[in-house]
Amino acid sequence: MKNIFKTKLDAACFVLIPACIGINYLGKLFASVLKLPLWLDSIGTCIGAILGGPIIGGICGAANNLIYGFTTGDSITLVYALTSLGIGVAVGIMARLGKMSNLPGAILTAVVAGLVAVVISTPLNIIFWGGTTGNIWGDAVFAWSQAAQLPVAFGSFLDEIIVDVPDKLITILIVYAIIKGLPKKLTSLYDINDEITSLD
Amino acid sequence: MKSISLYVDKDTYLTRLHPFAKIFYIVAAISVPMIVGTLWMYGVLIGISLCLLISGGIIKKVFPLIAFSFTIIITIFLIHGLFNQNNVNVLFSLGPLEFYKEGLLYASKIGLNILNMLLTFAVFVLTTRPATLVDDLEQIGFSPRFGYMISSVFQIIPQMMGTMNTIMDAQRSRGMETEGSLFVRAKAFIPLISPVVSSSLINTRERAIALEVRGFDSKKQKTFLSDHKLKAGDKLFMLGMTVLLIGSLIWRILLWLS
Amino acid sequence: MAFIEVNNLKYRYPHTENLALDGISFQIEKGQFIGIAGQNKSGKSTLCQAFSGLIPTMFKGAYGGKIVIDGMEAAKTPVAELCQKVGLVFQNPFNQLSGAKDTVFEEIAFGLQNLGVPRDEIVKRVEENLRLLDIEEYRDRNPFDLSGGQTQRVAIASILAMNPQVIVLDEPTSQLDPQGSEEVFRVVEKLSEMGITIIMVEHKVEKLAAYCHKILLLHEGKQIAYDTPEQIFSRDDLGELGVEAPVFTRVCRALSVKEGGTYPVTLSQTEALKGQFPEGLPGRQAGNGSQGQQGEGADKHAGSSVFTIENLNFSYTPEVTVIDQLNLKLDYRPTAIIGQNGAGKTTLVKLLKGLLKPVSGSILFGDLDISGKTVAQLAGSIGYVFQNPDDQIFKNQVLEEVMVGPLNIGMSREEAKEHARNALTMVDLLQEEKENPYDLDLSERKLVAIASVVAMNPDVLILDEPTIAQDARGRAIIGKLVQELSSQGKLIVAILHDMDFVAEYFQRVIVMAHGRILADGPGAEVFYETEALKEARLEQPHVTALCQALGYKGAFLTIDDMRL
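From first to last, the protein sequence lines are chains E, C and L. Under the working numbering, residues 5 to 204 are what the first sequence spells out, in order. Under the working numbering, residues 973 to 1230 are what the second sequence spells out, in order. Under the working numbering, residues 46 to 609 are what the third sequence spells out, in order.
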């Protein structure tokens, strides 16, 4: 169990994090170029989490939103740094538990990551935007829940589930497809258990 | 090279103001109205931010940011104006839609908060060079490794955006369609993102080598090429912000006591 | 004890079975210039990384034996300490930048800052190295905005600033254009004169021969020989080891020009033996030389034009013209486009492929105006292989990857498989069809990318710098592929920096500079248009230069042309 949070903090990891943030960015860009109805903006965070563990995953997620927030002035992104951090940590833990090595495990990881995202985002949505998410479909449900006199928290929770869970599910499936194809040669740099053996 | 940072390279008093002083401004400008809790206080701070932006000559750069947040603000007004659960008094109606006073008041508060946050961050973001911020953070003891990480993002993203076009061209050259039905477009996603991941990992390996051979893992105290000491003006500004923050706290506490 | 001692060095990468280095032992004296030669995957880069301690400290794996540099044992010294004694420079100039600095000055200072060198000393050393590498004018530029050659010099300056006594150069020019390579080699010469010990891996064997005191010859991780360039390059088994001797040596071998049991390895050594050369040689004649062999298919179509380009103009931004009023007809002869980076070569071929649209003028493909077609529509008839294979590879298996294009253009799975297998056979990678492409070497991945386009069976094949990172064997494979496809009646257009390769395999040579064509014709003519070559800052093929130095009249492009 101790190994779950074991983290290397060498040059390789500090180069991996910016690369993952870049992958997040390109994932989002490709999704918008292809006009896909998803964000797909946490692919890099998930890859960072799988290769480097929950701590690197968490750093990837949080740093991603903080850096964009502080440079592009997008304070909305900034608020969700906590959510990204949660996703990175959750995926990292699931990967270290060996769940990302088969499809059912990957789906389970996706569900966990989606729920973590929902649990963290819902209070943020309520505090900052009164419960909305800015997504048309999700907000329509929120509007309906309010019209039906349901509690704000519950409405916002539904809103967030509709918005986040499918996106995270597909993100993790994509990540699973990519990771499965990566040869050891590219990932061995991040293996925490490798030691030098002697040939003498 | 196109940068992702919105920093405007102008020599004004705002760009010269120490980044930490500006961070004090962010903290104060966002918390004061929240602590005081009245609508007019949001108005005052939005006014101050606008004055700073105008005097810094960067007001034009803010409009796209505001436009971006408008959709979310409008949604908030619609939903809460129509459906907020505390709604009692109808303020006005548009055809069959009845807008309530309570919901609209709540929405105004959230809307003004969003606008306030946006403008406050704009003051910081538009006038602070990321490299200077990182350097200053490192000088007060922030880990140089994290500093590297932040600076590196600014270099890596424009580079990766260049790669993006090449990858699209390379896959289209092999007959891959990027337009058409949702199915066709969705199918194109993996061939586009997968090379990004693999080539990033290959590059990461080389860049890690490059850092190692330049003493990245050295345990020695890092040297800085320049010092950014807080000047008297910076300190005065920070003091002012602190007074504002404490003042609003006292005001709030007095309000409770009475 | 020698300055550097390598003793029975062995290394195996994690998750692999074979030793990457197997029992390497040699010594280097202070101030020597040592070359490392061998085919791809023979262990050259691994050895370089062992010198700087990255192997095993960073890569782990299994390690045996030792490297001792001036009393420091490489495997046991922290990299951050060892890097002040041994500097490492490698192929890709851009990946060597820290990636976190906005200016060249700060980039060079980065390592010194990490090591905690006092500020005044940093400024002094950075200034010194800016001057030494002749990059003072770029000091405030963003390092990512520089050319490959300039960036590589920044990388060398960054390493030199740390005052190492040894510099390890792992193919420092393999990804640069001819001019960039020259810039870097000039610097390397300067460093050697300053007394720095240099260890260099390089495929340009003419350079190794000219600079090195000794050469270490590797094959499949084993040390074959460690000797003078003359001894190494006069070996009879070089072909089997996948190493090519310098052109001068091969010429002298063909003409049996020898001195004291070895063949000369440099131009000056060869000139010194001028007396042993035949008095006159006929040179290239019609039907003579290697170009005659590839003509059959192409001759049938000769004259019929594949592309007709009229008054073509192109620019990315209104201020800078990239293609300037270009008129050109391309027929079925295999055509090489040569010129420095920035000459407009890649832009021109991208226009042919329809990836870019002309600002004005027209491009006809046969009778078809390509401006109205999408890239995916043209995919079946015009194939384009990008420089970097990693921008396209996304399948887990080589065969699957090569089948992507054929399937996209509507072939059945069976048909696609057959085409893919044929294409893999042409690049000699069929035995790797089940492998993960990323388990292959970069040079092999480039061949996979070529195969993945060839498998689509296009009428035109455009290759953008296919020979970069290839060793002698890889170059021969690509050369054969050009000949074979050409004899099937396909047009091959290639952008190339390797003049010897152009001279050997291409019937038509186009010289470009500043978006214009400076010379156009058979190699035997173009490589003698000295004015045009000079303006494009290109050099003649080695054989051509040698024959001019020896005073032969006539056209000489390849060693075959020099046979009596």
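What the hints contain is simulated information worked out from the structure, not anything from laboratory work. Don't take each hint at face value.
As the list claims (entries may be wrong) - Computed cross-link-like contacts, EDC-like style, restricted to lysine to aspartate or glutamate with a CA-CA straight-line distance of at most 16 Å:
(1) L/K111 <-> E/D14
(2) L/K105 <-> E/D78
(3) E/K188 <-> L/E151
(4) E/K189 <-> L/D484
(5) E/K12 <-> C/D1189
Unchecked claim - If you anchor each label on the Cβ, the simulated ranges turn out as follows:
(6) E/P127 <-> C/S1003: 14 to 20 Å
(7) C/S1198 <-> E/F158: 36 to 42 Å
(8) L/G417 <-> C/T1195: 55 to 61 Å
(9) L/Y361 <-> C/I1007: 34 to 40 Å
(10) L/G417 <-> C/P1036: 55 to 61 Å
This one's a predicted model, so the numbers in the text were calculated from it and none came from an experiment. Don't be surprised by glycine CBs; every beta carbon is placed ideally from N, CA and C.
Here is what the structure says about each hint:
| no. | hint | verdict |
| --- | --- | --- |
| 1 | L/K111 <-> E/D14 | 24 Å, violated |
| 2 | L/K105 <-> E/D78 | 42 Å, violated |
| 3 | E/K188 <-> L/E151 | 35 Å, violated |
| 4 | E/K189 <-> L/D484 | 7 Å, holds |
| 5 | E/K12 <-> C/D1189 | 12 Å, holds |
| 6 | E/P127 <-> C/S1003: 14 to 20 Å | 18 Å, holds |
| 7 | C/S1198 <-> E/F158: 36 to 42 Å | 54 Å, violated |
| 8 | L/G417 <-> C/T1195: 55 to 61 Å | 60 Å, holds |
| 9 | L/Y361 <-> C/I1007: 34 to 40 Å | 52 Å, violated |
| 10 | L/G417 <-> C/P1036: 55 to 61 Å | 35 Å, violated |
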